[in-house]
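Chemist: One letter stands for each residue in the lines below.
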Amino acid sequence: MTPVELTNVSRWYGNVVAVNDITMTLGQGVTGLLGPNGAGKTTLLHMMAGFLPPSQGSVTVGGKPSWKNPSVYANLGLVVEREAAHNFLTGQEFVVASAKMQKLPNPAAAARAAIDMVDMNDAAGRTIGTYSKGMRQRIRVAAALVHEPDVLLLDEPFNGMDPRQRMHMMDLLHAMGEAGKTVLFSSHILEEVEQVSGTVQVIVAGRLAASGDFRTIRRLMTARPHVFAISSTDNRRLAVALMREDSVAGLDVGGSELSVRASDYGAFTRALPRIAIAEGVRVRQLRPSDESLESVFSYLVAQ
Amino acid sequence: MTILNPTVASITLRGLFGRKRALLLLPIPVLMIGLTVLANGVANSETQWVDPLIRGLGFAVVVPIVALIIGTSVVGSEIDDGTIVHILTKPLSRTEIILAKLAVAAVASALVSGLTMFVCGLIGVSTQFAVGVGLGAAISSICYSALFVMLSLVTRRPALFGLLYIVVWESLLGNLLSGTRNLSIEQIGLTLAARMADTIMLPTHVKLPTAIVMSCLFVIVPTLIAIQRLRAFTLAGETS
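Chains as they are written, first to last, in the working numbering: chain A, 1 to 303; chain B, 1 to 240.
Pulled out of the complex, with its shape left as it was, chain B reads as follows (with noise of 0.2 Å):
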C-alpha cells in the first residue's frame, strides 16, 4: 500500500495553481518582504521591529493566511465544485488521499511562508535568524495545513472557521488569556523559530518541549480525524 497517491497529488497541485486563488499567494509575500526593508532602512536598530514585523505580521498574519489559502483549496474546493467524486470512487485508501492532499498543502504553504520569512530574517538581521524563522515557519504551514485540511472535511465553510480560530482563538483569545497559547499553532511556532533563531527578539510563551510535543499533535490528532471523515464522505443529492 502507498502511503500517498502520486495521481491524486498531482491533480491537487495542479488544482491548486489552476485556481485563481491562487493569485492571492503572490501579494502576500511581496508585501511581506516590502516591508521588511521599508523598515529595516529607517530604523536605527533591527530591535525596533523585528517584534511587529515577524511576529506581529509574519507568525500572526502571513503563515496562517497563506496556510488557509492552499489548505482549504486542496480539498474544499474539490468539495464545492464535485470533482472530489473524481477522486473518491477508486479504489485507493482514504489514508492515502488525505496524505497526498496534505502533502501539497503542507509542502506548498510552508515553501512560501518558510521562504518569506527566510528573505526577511536574512535582509537586517543574520543568517542563523533567518533559518531559525524560515524553519519556525515551515513547521508553523505544516501544522496550519492539517488543521484546515480537516476543517474542510468538518465543515462546508472551512474559510469561515479557518479564519475564525486565526482571528479569535490566536489573536484575541492568545493575548487575554495565556492558558490558549499551547493551542495556538503561532505562539507554537514562535517558540520553534526563536530558539532555533536563538534570539531574545522574538518572544516566547510556551515551553519548547510543549512546544515540539504540540507541534506533532497539531499534525497528527487533525489528520487522522480528516482521514475519518473522508471514509464518511456522503453526497447530497441535487434534486431531492
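The shape of chain A in the complex, shown without the other chains (with noise of 0.2 Å):
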C-alpha cells in the first residue's frame, strides 16, 4: 500500500490557484519538499494531513482519503509550522495526552520513548511555555510521533532551531527514514534538503517543477549559467581579460557595472583573482546576482 498518493491534485482560493495539478507518490524513506516561500508547500502538507480537500484531484494516505477521516491520524503525525503547543502543560504531559488520545495501551512509557527520541528527557518536567524555539519543536516532534506512524509530515521543521538541534532533527528524521517510515519534510533551504534526504520534491509557483534523486536536481542547479556583477577600477580592461576565459559565456560592459555570465561556477571564482592581479585591475565588488532560490527554481521550471 502506498504511504502517501497525490493524484492530479489542484487547490485554488478563489482565483487564486496554489497547487497547480500535481501527482506524487511517497514512499518508505525521508522525502524533502522544496521550494520558495509560497510555492505552495504548506497548502499540499494540508491536503495530505486532511486539513484542507484539494479542489481537484485525490490525496489519499495508506489508501484511503485523508479529508474528513480522523482514523488517518492512527498512523499519521504532523508537525505544522505555527508553534502553537499547550503552553500551560508540561512538555510530558503533552506528550502523554497525545498518546491518550492516540488510545494507546500504555500512554506513559510511549510518551516516555518519544521524549526519548528527541533528547527532551531532561526538559519534559517544564511547563511549554518556557521552552526555547527549538525545545517547542522537539516536544511537537515528539507528540506527532509518540503513536510511531508509518507516515510523518513536517512543515518546515528546521526554522529556528540553533545548529545542533538541526543536526539532531536531521539525524532523527534520518533514522526514522531508515526505518522505514514515510517521512516527508517541507523546507526552503536547499542545503537543508541535501543534508537530510535523499530524494526531493521540487514546487515552484503551486507546480512540481522537479522530482526525484537529489544528486540528479543538484547537478540542474550547479551546472546552470550563474551571473555575477563586478565593480572594479577598469571594467572594459578586465572584460578584454576575462573573454579569454572558457569558463565565461558572455559580457556586458553596459553601464556602471560589468556583468559577467559564467557556464562553470568553480572555475570562474578561482580564475577572476588571477586575472585581475595580472591586469592591474582593482576588484571593487564581486557579487552574485541570481543566487536567490526563486531564480534557481525559476530555471528549474524552465528547464
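By construction, these hints were calculated from the structure, which means they are not laboratory data. The C-beta atom is built at its ideal place from N, Cα and C for all residues, glycine as well. Treat each hint with caution, since some may be false.
Dumping the calculated SDA-like pairs for lysine to any residue here, alpha-carbon to alpha-carbon at most 25 Å [to be verified]:
#, chain 1, residue 1, chain 2, residue 2
1, A, Lys68, B, Leu172
2, A, Lys103, B, Leu4
3, A, Lys68, B, Ala22
4, A, Lys181, A, Gly63
5, A, Lys103, B, Thr7
6, A, Lys103, B, Leu16
7, A, Lys68, B, Arg157
8, A, Lys103, B, Lys207
9, A, Lys103, A, Ala74
10, A, Lys181, A, Asp150
11, B, Lys207, B, Leu172
12, A, Lys181, A, Arg237
13, B, Lys20, A, Arg136
14, A, Lys68, B, Ala9
15, A, Lys133, B, Ala236
16, A, Lys133, A, Gly38
17, A, Lys103, B, Ile79
18, B, Lys20, A, Ser132
Ranges of calculated distance between the beta carbons of each label pair, as one might list FRET restraints [claimed, not checked]:
#, chain 1, residue 1, chain 2, residue 2, range
19, B, Leu24, A, Thr216, 51 to 61 Å
20, B, Leu224, A, Ala179, 34 to 44 Å
21, B, Leu4, A, Gly129, 57 to 67 Å
22, B, Lys20, A, Arg261, 52 to 62 Å
23, A, Ala108, B, Lys20, 30 to 40 Å
24, B, Gly34, A, Pro65, 54 to 64 Å
25, B, Gly34, A, Asp119, 50 to 60 Å
26, A, Arg126, B, Asn182, 29 to 39 Å
27, A, Gly14, B, Arg195, 24 to 34 Å
28, B, Leu24, A, Val17, 14 to 24 Å
If you follow the hints, you should be able to join the two separate chains into one complex; please do so.
Modeler: Now the structure itself:
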C-alpha cells in the first residue's frame, strides 16, 4: 500500500491557484519538499494531512482519502509550522495527552520513549511556556510520533533551530527514514534538504518542478549559468581579459557594472582573482546577481 | 466509542483556567451578589429589586456574559493560537471532541452562573426561589454554551457575534418584537426559572412547553452544526 499518494491534485482559493495539478507518490524514507516561500508547500502538506480538501484530484494516506477521515491519524503524524503547543502543560503532560488521545495501551511508556527520541528528558518536567523555540519544536515532534506512525509530515521543521538542534533533528529524521517510515518535510533551504534526504520534490508556484534523486537535481542546479556583477577600477580592461576564459560564456559592459555570465561557477571564481592581479585591475565588488533561491527555482522550471 | 473524550476535556479544563480571560469570571459573580445584598438592605420589599436585578442584570447580562467568556474560550482560543491541531490530528471522532469541549463549557458556566443566581435568590427571597433561579440560570448557561461553541466554529470572531446575539437579538429586538422571544435563551431561561421558583415576580413571555422544547433545541442544533464544522476544519497556511 502506498503511504501517501497525490493524483492530479489542484487547490485554488478564488482565482488564486495555490497548487496546480500535482501528482506524486511518497514511499518509504525521507523526502524533502523544496520550494521558495509561497510556492504551495504548506497547502500541499495540509491537504496530505486532511486539513484542506483538494479542489480537484485525490489525496490518499495508506490508500484512504485523508479529508474528513480522522482514522488516518492513527498512522500519521503532523508537525505544523506554527509553533503552537499548550503552554500550560509540561512537555511530559503534552506528549502523554497525545498518547492517550491516540488510545495507546501504555501512554506513559510511549511518551517516555518519544521524549527520549527527541532528547528532551531533562526539560520534560517544565511547562512548555518556558521552552525555547527549538525545544518547542522537539516536543511537538515527540507528540507527533508518540504512536509510531508510518507517515510523518513536518512543515519547515528546521525553522528557528540552532545548528546543534538542527543536526539532531536531521539525525532523527534520518533514523526514521532508515526504519522504513515515510517522512516528508518541507523547506525553502537547499542545504537542509541536501543533508537530510535522498529524494526531493521541488515545487515552484504551485507546480511540481522537479522530482527524484537529490544528486540529479543538484547537478541541474549547479550546472546552470551563473551571473555575477563586478565593479572594478577598469571594467573594460577586465572584460577583455575575462573573455579569454573558457568559464566565461558572456559579458556585458554597459552601465556602471560589468556583468559576467559564467558557464562554470567553480572555474570562474578561481580565475577571477588571478586575472585581476595580472591585469592590475582592482575588484571593488563581486556579487552573484541571481543567487536568490527563486531564480534557481525558475531556472529549474524552465528546464 | 466514547461519547466524550476525557483527555480532551481535561486539556480544555486546564486551558480554560490557565488563560488570563478566566480572571474576568471572578468580578462578575462578586458584583452580582454584592448588588443584591445592597438592594436587599435598602429596599422595603424584594418585589422592588427582583425584576431589575435578577432579570435585568442576572438573566440578561451575567448569565450570557459568563457563558460567552467560557464558551468562546474552549474552542475559539484553541483555534486562534493553533493548539486545536494537536487535538485534531488524533483518530478521534469529531463528536467526542465537541462533546468534551461543550461539556466543560456547559458545566463551568452553569456552575458559575447557577451558583451566583442561587446565592442571590437566597439572600432576599426564599430557598425555592433560589433553587428556581439557580436552575433556570444553569439551563440557560448550557444553551448559551452550545451556541457560543458553535459560533467559535462558524466564525473567526465568536466573541463579537456572541455579543451581538446578546445585545441586539435578546435585549433590543426582544423588547421591540415579541416574536423573537421564543428564540431568546434569556426569555426561555426566565420562564423555566419562574415556573420552578413558582413566583410572579419574574415576568415570563414564553409558554412553558415552548420553553422546554426550545431549550432542548438550543442545545442540540448548535452542537450538531459544531460537529459538522469541525469535521471540515481547514488550516490556513501562513506563508501561502
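Chemist: Hint by hint, note whether the structure agrees.
Modeler: Quick rundown of the hints versus the structure:
1. Lys68/A <-> Leu172/B: 40 Å, violated
2. Lys103/A <-> Leu4/B: This hinted pair holds, its Cα atoms lying about 13 Å apart.
3. Lys68/A <-> Ala22/B: Violated - the C-alpha atoms of Ala22/B and Lys68/A are around 33 Å apart, more than 25 Å.
4. Lys181/A <-> Gly63/A: 16 Å, holds
5. Lys103/A <-> Thr7/B: Roughly 10 Å between the alpha carbons, so the hint for Lys103/A and Thr7/B holds.
6. Lys103/A <-> Leu16/B: 24 Å, holds
7. Lys68/A <-> Arg157/B: With a Cα-Cα distance of about 24 Å, the restraint between Lys68/A and Arg157/B holds, given a limit of 25 Å.
8. Lys103/A <-> Lys207/B: 46 Å, violated
9. Lys103/A <-> Ala74/A: 9 Å, holds
10. Lys181/A <-> Asp150/A: 5 Å, holds
11. Lys207/B <-> Leu172/B: 21 Å, holds
12. Lys181/A <-> Arg237/A: 58 Å, violated
13. Lys20/B <-> Arg136/A: 22 Å, holds
14. Lys68/A <-> Ala9/B: At roughly 22 Å apart (the allowed maximum being 25 Å), Ala9/B and Lys68/A satisfy the hint.
15. Lys133/A <-> Ala236/B: Judged against 25 Å, a Cα distance of about 21 Å means the pair holds.
16. Lys133/A <-> Gly38/A: Within the cut-off at roughly 23 Å; holds.
17. Lys103/A <-> Ile79/B: 23 Å, holds
18. Lys20/B <-> Ser132/A: 22 Å, holds
19. Leu24/B <-> Thr216/A: 51 to 61 Å: Since Leu24/B and Thr216/A have Cβ atoms about 59 Å apart, the given range 51 to 61 Å holds.
20. Leu224/B <-> Ala179/A: 34 to 44 Å: 42 Å, holds
21. Leu4/B <-> Gly129/A: 57 to 67 Å: 27 Å, violated
22. Lys20/B <-> Arg261/A: 52 to 62 Å: 59 Å, holds
23. Ala108/A <-> Lys20/B: 30 to 40 Å: With Cβ atoms ~31 Å apart, the hint holds.
24. Gly34/B <-> Pro65/A: 54 to 64 Å: 57 Å, holds
25. Gly34/B <-> Asp119/A: 50 to 60 Å: 54 Å, holds
26. Arg126/A <-> Asn182/B: 29 to 39 Å: With Cβ atoms ~53 Å apart, the hint is violated.
27. Gly14/A <-> Arg195/B: 24 to 34 Å: Since the Cβ atoms of Gly14/A and Arg195/B sit about 52 Å apart, the hinted range of 24 to 34 Å is violated.
28. Leu24/B <-> Val17/A: 14 to 24 Å: 44 Å, violated
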